[in-house]
Amino acid sequence: MSLGAWLDDRLGTRSLAAGFFYRRIPRAVGWPHTLGSATLFLLLVQTVTGIFLAFYYVPSVEHAYGSVQYITEQVPFGAYVRGLHRWSASLVVIFAVLHLVRVFFMGAYKYPRETSWVVGVLLLGIIFAFGFTGYLLPWDQKAYWATVVGTHIAEWAPGVGDVAARLLRGGPEVGIRTLGRFFAFHVLFLPTFLWLLVAVHLFMVIRQGIAPPPVGRLAVICPEEYRTRYEESKAEGASFLEHLTRDAEVALALLLIASWLALRYGAPLEEIADATTTTYVPRPEWYFYFLFELLWVFPGRWTVLPAFWIPVLGFLALLLLPFLDRGPARSPLRGPVASLAATAVLVGVLFLT
Amino acid sequence: MSLGAWLDDRLGTRSLAAGFFYRRIPRAVGWPHTLGSATLFLLLVQTVTGIFLAFYYVPSVEHAYGSVQYITEQVPFGAYVRGLHRWSASLVVIFAVLHLVRVFFMGAYKYPRETSWVVGVLLLGIIFAFGFTGYLLPWDQKAYWATVVGTHIAEWAPGVGDVAARLLRGGPEVGIRTLGRFFAFHVLFLPTFLWLLVAVHLFMVIRQGIAPPPVGRLAVICPEEYRTRYEESKAEGASFLEHLTRDAEVALALLLIASWLALRYGAPLEEIADATTTTYVPRPEWYFYFLFELLWVFPGRWTVLPAFWIPVLGFLALLLLPFLDRGPARSPLRGPVASLAATAVLVGVLFLT
Amino acid sequence: MSSEPHHQASLPRSRRRFTMVLLGAISGAIGGILGIPLGGFFGLPALRSREFAWAEAGPVDGFKVGEIRFVALMPLRRPVWPEEAPRMGAFVSRKADGTFEVFHNHCTHVGCPVNWNPAAQRFFSPCHGGVFDRSGRVLAGPPQRPLDRHEMKVEKGVLYAGEIYSVNERLERVGRYHS
Amino acid sequence: MSSEPHHQASLPRSRRRFTMVLLGAISGAIGGILGIPLGGFFGLPALRSREFAWAEAGPVDGFKVGEIRFVALMPLRRPVWPEEAPRMGAFVSRKADGTFEVFHNHCTHVGCPVNWNPAAQRFFSPCHGGVFDRSGRVLAGPPQRPLDRHEMKVEKGVLYAGEIYSVNERLERVGRYHS
Numbered sequence: 001m002s003l004g005a006w007l008d009d010r011l012g013t014r015s016l017a018a019g020f021f022y023r024r025i026p027r028a029v030g031w032p033h034t035l036g037s038a039t040l041f042l043l044l045v046q047t048v049t050g051i052f053l054a055f056y057y058v059p060s061v062e063h064a065y066g067s068v069q070y071i072t073e074q075v076p077f078g079a080y081v082r083g084l085h086r087w088s089a090s091l092v093v094i095f096a097v098l099h100l101v102r103v104f105f106m107g108a109y110k111y112p113r114e115t116s117w118v119v120g121v122l123l124l125g126i127i128f129a130f131g132f133t134g135y136l137l138p139w140d141q142k143a144y145w146a147t148v149v150g151t152h153i154a155e156w157a158p159g160v161g162d163v164a165a166r167l168l169r170g171g172p173e174v175g176i177r178t179l180g181r182f183f184a185f186h187v188l189f190l191p192t193f194l195w196l197l198v199a200v201h202l203f204m205v206i207r208q209g210i211a212p213p214p215v216g217r218l219a220v221i222c223p224e225e226y227r228t229r230y231e232e233s234k235a236e237g238a239s240f241l242e243h244l245t246r247d248a249e250v251a252l253a254l255l256l257i258a259s260w261l262a263l264r265y266g267a268p269l270e271e272i273a274d275a276t277t278t279t280y281v282p283r284p285e286w287y288f289y290f291l292f293e294l295l296w297v298f299p300g301r302w303t304v305l306p307a308f309w310i311p312v313l314g315f316l317a318l319l320l321l322p323f324l325d326r327g328p329a330r331s332p333l334r335g336p337v338a339s340l341a342a343t344a345v346l347v348g349v350l351f352l353t
Numbered sequence: 001m002s003l004g005a006w007l008d009d010r011l012g013t014r015s016l017a018a019g020f021f022y023r024r025i026p027r028a029v030g031w032p033h034t035l036g037s038a039t040l041f042l043l044l045v046q047t048v049t050g051i052f053l054a055f056y057y058v059p060s061v062e063h064a065y066g067s068v069q070y071i072t073e074q075v076p077f078g079a080y081v082r083g084l085h086r087w088s089a090s091l092v093v094i095f096a097v098l099h100l101v102r103v104f105f106m107g108a109y110k111y112p113r114e115t116s117w118v119v120g121v122l123l124l125g126i127i128f129a130f131g132f133t134g135y136l137l138p139w140d141q142k143a144y145w146a147t148v149v150g151t152h153i154a155e156w157a158p159g160v161g162d163v164a165a166r167l168l169r170g171g172p173e174v175g176i177r178t179l180g181r182f183f184a185f186h187v188l189f190l191p192t193f194l195w196l197l198v199a200v201h202l203f204m205v206i207r208q209g210i211a212p213p214p215v216g217r218l219a220v221i222c223p224e225e226y227r228t229r230y231e232e233s234k235a236e237g238a239s240f241l242e243h244l245t246r247d248a249e250v251a252l253a254l255l256l257i258a259s260w261l262a263l264r265y266g267a268p269l270e271e272i273a274d275a276t277t278t279t280y281v282p283r284p285e286w287y288f289y290f291l292f293e294l295l296w297v298f299p300g301r302w303t304v305l306p307a308f309w310i311p312v313l314g315f316l317a318l319l320l321l322p323f324l325d326r327g328p329a330r331s332p333l334r335g336p337v338a339s340l341a342a343t344a345v346l347v348g349v350l351f352l353t
Numbered sequence: 001m002s003s004e005p006h007h008q009a010s011l012p013r014s015r016r017r018f019t020m021v022l023l024g025a026i027s028g029a030i031g032g033i034l035g036i037p038l039g040g041f042f043g044l045p046a047l048r049s050r051e052f053a054w055a056e057a058g059p060v061d062g063f064k065v066g067e068i069r070f071v072a073l074m075p076l077r078r079p080v081w082p083e084e085a086p087r088m089g090a091f092v093s094r095k096a097d098g099t100f101e102v103f104h105n106h107c108t109h110v111g112c113p114v115n116w117n118p119a120a121q122r123f124f125s126p127c128h129g130g131v132f133d134r135s136g137r138v139l140a141g142p143p144q145r146p147l148d149r150h151e152m153k154v155e156k157g158v159l160y161a162g163e164i165y166s167v168n169e170r171l172e173r174v175g176r177y178h179s
Numbered sequence: 001m002s003s004e005p006h007h008q009a010s011l012p013r014s015r016r017r018f019t020m021v022l023l024g025a026i027s028g029a030i031g032g033i034l035g036i037p038l039g040g041f042f043g044l045p046a047l048r049s050r051e052f053a054w055a056e057a058g059p060v061d062g063f064k065v066g067e068i069r070f071v072a073l074m075p076l077r078r079p080v081w082p083e084e085a086p087r088m089g090a091f092v093s094r095k096a097d098g099t100f101e102v103f104h105n106h107c108t109h110v111g112c113p114v115n116w117n118p119a120a121q122r123f124f125s126p127c128h129g130g131v132f133d134r135s136g137r138v139l140a141g142p143p144q145r146p147l148d149r150h151e152m153k154v155e156k157g158v159l160y161a162g163e164i165y166s167v168n169e170r171l172e173r174v175g176r177y178h179s
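Protein chains in written order, with the numbering used here: chain A, 1 to 353; chain B, 1 to 353; chain C, 1 to 179; chain D, 1 to 179.
In isolation and in its complexed conformation, chain A is listed as follows:
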């Protein structure tokens, strides 16, 4: 009796595997549908490289910078592992956003996938929180001042600003406790929620099947007939296993790209954090840069808009999009209002970046 048959007799694994790997997927599912799995793969790379970096990193004001130097300069493959973690982090942001844009323009956030969208937007929030907590850890100038600015911006939150900033910093100033809690957030708290929500997200995707592109009879949402139409679309579609090879090819390509970036450009490390500088110009990581630039657009007392209301309300609007946009049209050309607004936001963000 083969191992497969032995397992199947006990756990019914074959029908599980067949239902997963050999199920048909809707027609017209193609390369754009690899963005989600690409993000998942990059998150795995981040988790693995992050766990290994923790073997040598020390989250204390006295040793953080030195331990990052030690990793980069003395540990074999250290520069590569750190570079991979850094470049793959940027790729995660890019691919998560591209995935979101793809889902948006294919109308895949509409019935019955509203919950997947909500969980996905929460995951995007967690990814940004990873970025914010992660770049304090090397305790270089960029790290220190970006965190001074980032937690200072939290002070603009109406009413609770001071308390929020203090809770973030672990005290009145950016110091040892800030490093300790950003570290714990980055390596324990956020990963726990990330993988829990990824599990929920994947459960939903597998349970509901891959969203069909908004073509043919599926271009318009019709809850009553949705299931019939979806099954029709699947009957014409390919096997999931074939799609999986696309996912795998994209994953390998991303790993090669990230490796090349890591080996070619490494991960930057500025001078050690110095609170007494008079010349340093703080500049956040590129994916926060558009918010930083918005501070130019709304000066003076309006700072509270880019510092609090725009990010918070923007995030809420994104989170609740499936409930704000209840139109039946899935194709972007048929529901022009949301699409135009989204395009405007995207162009604006890219411009500021």
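Since the hints were made in silico from the structure, they are not lab data.
Heads up, some of the hints might be wrong.
[Unchecked claim] Derived pair list, reagent style DMTMM-like, types lysine to aspartate or glutamate, alpha-carbon separation capped at 25 Å: (1) K234/B to D162/A; (2) K95/C to E67/C; (3) K234/A to D8/B; (4) K234/B to E224/A.
Add chains B, C and D to chain A, keeping to what the hints say.
Coordinates of chains B, C and D only, in the frame set by chain A:
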């Protein structure tokens, strides 16, 4: 439309929940069957308290002891959180072993649950690894010397001993890199594998149903008729939801006991690690004590037995038990050889402890 | 649940409700026993106000009247873990009447490190164009309140800087602590 | 798969095999690209032999002939991160002919800290009854080789201890490093 119905329409959650909560379980499932969920609950407590402790703990030779002191003496509720982590750790070991003993004596490791047993024994190994890596972290005398002894014992492994000891220590001596990697193992590596294996273990338990006690027609394994007999037993059984209240009551009781122990006895912290002591007598945590005492039983060149062969072969025998004991009798009284051997080992271990 | 009537039958409705309430109560108790201490553990050390350690800014005679100079504040005792923090910088202004003002070097807009330009007699923030005069008042740009200040004292001819506080437009102390 | 013929039909057998091989190859490539550097990252620093820093044991005149004394070794330069390690202890034996032997203080059985008893003229290990004579030879108990020793040198009247090495029963140096 209620939220439940809304979700059900999209994800079929009601049938999932009903299949989980309202399924019938075999008759005679009772309090002994709460040991597994009790272990799970304690592992959750460990994970949650551990994540919070990481907000203030610093894994460096210079700060580890001071940060533990700071947690214990200055952080509000710090002594309680640390005490809970310490006492719940001991309870995890106790309940994991009791769960294993229960499963053993009820013959629940036999067909079709061999895989659950194997995964369970791996989990027990991970729990011991948590203990071994965890008590270095406070960097007190007990921590330091227990790790000197523990990694010295690894040197007894035939052929690979030196390399194994060096990989464990991160170098020739117990020092900063030992602390770094024990920390990374304890808070990142082991938790990752722990929760992955817990997920697999739970998947198997839910997929196969709770093992029926070895009574009536289920006292003897008969693969051909197993499913029929199991369904019969379930037809007479109670609802899983009722069993879940037992699990919840046990969880609450355990939390109260662990809290009482934490508040009453706290977590010990000896003097800071001192490699130049001439009077300190190393003594491992109680759950490794029987191995330490075995070193008395096998002196001289036989040290390699308790240092390597007994733990390694013992663990392998435990892991492969379902394939070593292939008898059809599930009741301990009908398969006396394995039972007697197990009882002898248990008594021996308790005696040495 | 209509799809699984078989399961539902395993427990009468009244008993089911009681069980649900019991499970909810126990979960709540566990959540409270763990959640309250852990919330305090995480939050209280951050919110607790602590005495600010005085730091040496330099001998009084080292500051010329009318000059504004940047100094790295030297803490009186080496800040040991867990209070270790990076050294802080401050601008010491000796006014025409010989008295001192000590300014915190974080811009009140979003915290960028300001610099003093003696030629322009202005503080500039490099990020979003905040400009302050020699008393720390906002002259231009987005900042909404004057530069924060350190408490100070002079002992045996040495100037010491203490806790940081905010001031309003009339340069009166405002209660809240800012960093 | 017999239970799901519908799914199987979605892909012909030959194509399925090719797909499986392709997926396996890509997974292997990814595993290798990540696994090899990460293995080296984890393992190599631990296996790399490094120069042992010499440490001061004390002035030669401080050791009486025939006496065995415990000293805390003082590293010549403060060991900085990442080489920081707890101070080490060692037993210095000045033999009848005035020469020195420096013993590592970890028992060769499982590493417990040995102690020298001058009355009995023996080293005792507190854990499992290991007993060594004044040359480090095993007299009783489970240890299988004599006490490990430090390399040593005398410079300007000061005794320094260096790398630790093991010796066999004839007190000849054995290549392997032990701690």
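Going down the list of hints, with the structure as the test:
1. K234/B to D162/A: Given that 25 Å is the threshold and the Cα spacing comes to 58 Å, the pair is violated.
2. K95/C to E67/C: Since the Cα atoms of K95/C and E67/C sit roughly 7 Å apart, the hinted pair holds (cutoff 25 Å).
3. K234/A to D8/B: holds, 22 Å
4. K234/B to E224/A: Violated, because 37 Å separates the two Cα atoms, which is more than 25 Å.
Violated hints for the displayed structure, listed by number in ascending order: 1 and 4.
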